[in-house]
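Let the hints inform the model, and build the full structure from the sequences given.
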Amino acid sequence: MKETGQEPPSPGRDRLDGVMPEIYEELRRLAQRAMSGERSGHTLQTTALVHEAYLRLAQVKELDVGSRPQFLSLAARVMRRILVDHARARKSAKRGGDALRVALSDAIADGRGDGFDVLALDEALNRLAALDEKQVRIVELRFIAGLSVEETAELVSASPTTIKRESAMARAWLFRELSDGRARAV
Amino acid sequence: MGEPEPSERWRRVKELFAAALEVSPEEREALLARASAEDAPLASEAASLLRAHEDGGLFLEDVVAFESREIIAEESGTSWVGRRIGPYEIVRPLGRGGMGFVFLARRADSEYRGDVAIKLIRGALPSEEILRRFRAERQTLANLSHPSIARLLDGGRTDDGLPYLVLEHVDGEPIDAYCESRRLPIEETLRLFRLVCDAVEHAHRHLVVHRDLKPANIFVTPDGGVKLLDFGIAKLLPGAGQEETSILTRTSERVMTPEYASPEQIRGEPVTTASDVYALGVLLYRLLAGRHPYRFPDARPSEVERVICEQEPVKPSTAVTRQPDSGGAPPEGDRGLPPSRAVSERLRRRLRGDLDNIVLKALRKEPWRRYGSVDQLSEDIRRHLEGLPVRARQDTLGYRTGKFLRRNRLAVTAAAVVVLALLAGLATTAWQARVAANHARRAEAERARADRRFNEVRQLATAFLFDFHDAIADLPGSTPARELVVARALEYLDRLSRESPGDDPVLLRELAVAYQKIGNVQGNPNNANLGDTESALASYRKALAIARPLAASHPADAQAQRVLAIILEKLADVEAVRGDIASARRDSAASLSIFRALARGASADGRARRSVAISHVKAGDLSGHPSFPNAGLPREALAHYERAAPILESLVQADPSDGGSLRYLGLVFERIGTMRLQLAQPREALTAYRRSFAIREKLAAGAAANVEARRDVAIAHERIADASRALGRPREALSGYRRSVAIMEALAAADPRNANARRSVASSYEQLGEALMEYGDLREAWSFHRRAVVLREDLAADADNVQAQRELADSLREAAGVADRRGDDPGAADLRARAERIERTVPRLAVSKGET
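These protein sequence lines map, in sequence, to chains A and B. Using our numbering, you'd call the opening residue of the first sequence number 1 and step up by one each time. Using our numbering, you'd call the opening residue of the second sequence number 187 and step up by one each time.
Keep in mind that the hints are not guaranteed to be accurate.
[As the list claims (entries may be wrong)] Facing chain B, from chain A, some residues (calculated, C-beta under 7 Å):
hint, residue
1, Leu-83
2, Phe-116
3, Leu-121
4, Ala-130
5, Asp-132
6, Arg-171
[Claimed, not checked] Here are the simulated DSSO-like cross-link-like pairs (lysine-lysine), alpha carbons at most 27 Å apart as the crow flies:
hint, chain 1, residue 1, chain 2, residue 2
7, A, Lys-164, A, Lys-134
8, A, Lys-164, B, Lys-200
9, B, Lys-884, A, Lys-134
The hints are simulated quantities; they were obtained by calculation from the structure and are not laboratory data. Don't be surprised by glycine CBs; every beta carbon is placed ideally from N, CA and C.
Below is the structure:
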């Protein structure tokens, strides 16, 4: 870790933007590689991805990605952006008449039928940030980067019990936001 | 941590929510009721969240998982399965490269029943670079037709605008897996490898370099043939209408496979067929020894580069006896298990000698030291298979630069830069080794060895920098190569000078000389140069910054003094052509005084005295010679020349075989004559010119006579004629000019392609014509001027040759003057009009001969 005294201990906005493309690219690559060998439709092993991305970026690319906890927070945010970017691209492809690909997406959509999309979730997370930024970080770490309760607890300096409580409330709040949003739209 | 505190209300909702989660549903009701009594809106908020908690389930995980699966489908290409591209239906993804997906596809109509491979650019927005590369590949492949090269069948764009290629689908397995799974005997492996060579050689003959040869791109088909895939980064060689760009090593669009990339590719240097020879060498190493030639301690790009560019691979025969995991991580694909001891010993004996030499020759760091072509590599393997002696020999340090240059003057220009870069790298390494050895105070022998290596490399590098440049300087079109040579040389020097500890006078002196030579190449008018006087000045100043303190601190070191004097002299040359006569005279004078001090010194020899003479000549030219930028002081110029003459005379007397000094003496007498003529002393001028003539005639009659010597004689005739004209002796004047014409014509006839020789003929015609006109022979004057114009027109056919254009205009004006005198007014007007037309379009030269 190459920190100078002046730098804040947590990743600042500038640093995030600085290494973002590298992390983004690495995560995409890892996702592709991890999944190309697997036939079943498992959920994305985001935890493994984020951890491997850290190892590769820190050691292979001579990139200053900071300490491991710093990197994990960073990677979680990057994962969120990857999901959002992708969903947005898919949406615009839909508008552009990429019918076949859209049909495929719809077919894959799971049986729950909620069909909430990542874009709506992202907006809801932005609203939640105004109320409780810590909850947003916890959501990113636990549900997007896929870290365990214990790991998340360590990263945000809180007890596992707190993490469980906070994530339950955040999840409930977000679900209500998304459901209300849909109710309004209908 | 850094977040702002949530509001008090939010905190209380949270507390209630958490408390309610901890208890049973019945207790929860009670809890909420109690809370509602206290703060109804707060309790209702918590109740709403608790309902959402019940209903939401794993919705967050689902949303993320859904989008993740979408990404996977996208990234792995499965989202394309079933789609149609043109008439083809995508069956499944075959793989993904730096550029895009490769799919297995089938023709959807009944036109063609076979499978094809479709290569598609990935992502929604292909960059211009990718599109360009794609188009290049399409063109490249379309030109290739060989049974061992995967055919290009079709190409186009999808409905979404993504470009794609339809390629022959190749069934089979990568060559390394094929050889290993069958434990193919060495002979079989070699025969297979030669099939690969045939295909690559075919591509090379069509000016296509593969650039990415590796097992994944070389398949063995079920019928035992080979197929080369993926000319994805192949580019047409320069000269086939395709510009050269350096290979990409950026992470996001990495197209190169570092394990098989040559040092020049790693460095982003020009890539040639020699790079494919290298990649084939790596492949052969893999196939024979079962492992990669290099071990990479880690995967950092800087480390990979260091290993590929600097580390010498061990012989394949040695490699087979080593543990596969020794010394760093093996690259992906290396054989997992070591062969048994007996097997590896047999293999070792089989590889030792020829095969070691062949593989290592293909793997040389310097492109020009590898096989000259893939054919030669293949041929050597054939010779080995048939028990004939092979061309490849063990690498030795006895390699001779000069021999190489003589043999390959033209072919080698492209490799120049690579060579230099390599040498620079070696030099630095050797230097560091020496410094390290010093620090560690290791055994004396070790230090001596490091020193020796350092010096060898330094000498080799210097030889290349300058011999190489000089060797190619006169080749047409070599300027870009020379510029690169110079740029590399500067890089190398700057690095060396930064790293030198500053207390080694020999190294410092060499550095100063090297900067001075660079300056010469950049812009010294007295040798082949790049016309960049600005950079030349900068280099000379760097040289001075080293040489001045060195000379000051080593007053007894004649070599250091001499280096300083030479740098000052060269600096003056360039300052003069830039019109800064004052600085030029100052530096020239400083140079002269150093040379004079050296000539007085105890160790003074003939060379030191000759240097003084030359220095006087230079100072004289700057003072007042009309053919050079000068200060308009003809008497001072004459004084300098007259001091140079006796020095040279005594040198010639002491050693009559000293042709160099004799030539200079001829030159000095010519200059004395010219100054005398300037000072209106034609009689003295004639005497000096006659002495110059006598010397030149003697030189032209000697064993070492060359074209230059004969040309000097012709010029001496002209000078005598000049002086005779000034003395009012028409017969002698005309005779001198006619002799000059005769010699110049003979020289031009002997070398019909030499434009300079014809230029001299034209000039001699003009001088004769001018004299004839003065003496009233208008008819003959007209005939010579006309002949001069005809020659000049021919020379000016090259529109870019500004000097020739300019001289044609002058020649036309002189001819017009004769036409005037002959009363041919329309002829004169026509000639002048032509001259004006040229003068309007051609920029005037900053400095041209005879003009100051």
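Now the hints, each set against the structure:
1. Hint status for Leu-83 of chain A: holds, given a least beta-carbon distance of 5 Å to chain B, under 7 Å.
2. Interface restraint check: Phe-116 of chain A against chain B, minimum CB-CB distance 5 Å, threshold 7 Å, status holds.
3. Nearest Cβ of chain B to the Cβ of Leu-121 of chain A: about 5 Å, under the 7 Å cut. The hint holds.
4. Given the 7 Å rule on beta carbons, the hint for Ala-130 of chain A is violated: about 10 Å separates it from the nearest Cβ of chain B.
5. Interface hint status for Asp-132 of chain A: upheld, as the beta-carbon distance to the closest one in chain B is roughly 5 Å, under 7 Å.
6. Given hint, Arg-171 of chain A at the interface with chain B, holds; its Cβ is 5 Å from that chain's nearest Cβ, closer than 7 Å.
7. A threshold of 27 Å between alpha carbons decides the hint, and for Lys-164 of chain A with Lys-134 of chain A the separation of about 13 Å falls inside it, so the pair holds.
8. Annotation: proposed proximity of Lys-164 of chain A to Lys-200 of chain B holds, straight-line Cα distance about 12 Å (limit 27 Å).
9. A threshold of 27 Å between alpha carbons decides the hint, and for Lys-884 of chain B with Lys-134 of chain A the separation of about 99 Å lies outside it, so the pair is violated.
Checked against the numbered hints listed earlier, the structure breaks hints 4 and 9; every other hint is satisfied.
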